[in-house]
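Novice: Residue-level listing of the chains:
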Amino acid sequence: AQSVTQPDIHITVSEGASLELRCNYSYGATPYLFWYVQSPGQGLQLLLKYFSGDTLVQGIKGFEAEFKRSQSSFNLRKPSVHWSDAAEYFCAVGPLGGKLIFGQGTELSVKP
Amino acid sequence: DAMVIQNPRYQVTQFGKPVTLSCSQTLNHNVMYWYQQKSSQAPKLLFHYYDKDFNNEADTPDNFQSRRPNTSFCFLDIRSPGLGDAAMYLCATSRASGQTTDTQYFGPGTRLTVL
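Line order of the protein sequences matches chains Y and R.
The opening residue of the first sequence carries number 1 in this note's numbering; numbering runs sequentially from there.
The opening residue of the second sequence carries number 113 in this note's numbering; numbering runs sequentially from there.
Hints were generated in silico from the structure; no laboratory data involved.
For each residue, glycine too, the CB sits at the ideal point set by N, CA and C.
Treat the hints with caution; some may be incorrect.
[As the list claims (entries may be wrong)] Ranges of calculated distance between the beta carbons of each label pair, as one might list FRET restraints:
hint : chain 1 : residue 1 : chain 2 : residue 2 : range
1    : R       : Lys129    : Y       : Ser84     : 37 to 47 Å
2    : R       : Met115    : Y       : His82     : 35 to 45 Å
3    : Y       : Thr55     : R       : Ser209    : 18 to 28 Å
If we strip away everything but chain Y, and leave its shape as in the complex, we get (with noise of 0.2 Å):
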């Protein structure tokens, strides 16, 4: 069945520290990924997508994310965290026909 799961719920890290989101997915070929982001009471902000190519994509705000098929892998990164980073990140993976599938998200903290 298609998946995706993000492992951890709720990072904290400072300001200034470099970020890394984890995102595993469950699909039979070769999957269109995305990354948003959500401020509380806001709507989904697209940050970066991978559709082929280039597995390394650069997104809006400093994020990257790097895809790796061997490990069914989309993990988000960021070298030095600001504070307005705090929100809920969700990996998605897009198969044909639209229908987008959630992970569960991951609530990020930044510390001062």
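Assemble chain R onto chain Y, guided by the hints.
Specialist: Frame of chain Y, contents of chain R only:
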């Protein structure tokens, strides 16, 4: 800027009183989606329109209906809201051609409270 707009941002209704949530888009996308998101959970797809074709998810309750009068607008109707329907409702759009669907872009959401 092209965008997805949801109105109202906050909606309070009474138990059993019908409510309609609105979504409009200036992206000229042919696919529009409605998601329900409860606290600390991932969004759950209720249904989507591919052009004028309505696609209901198998587990979406009959209490939820949708209308898409034109490309730009889509409405979510909750016929008899229950306390369990209190949630954030997210509208999203994408461009699709044949079997290929592009990225989904989300609106800011409508927070529904049921008293």
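Novice: For this structure, which hints from the list above don't hold up?
Specialist: Hint 2 contradicted; others consistent.
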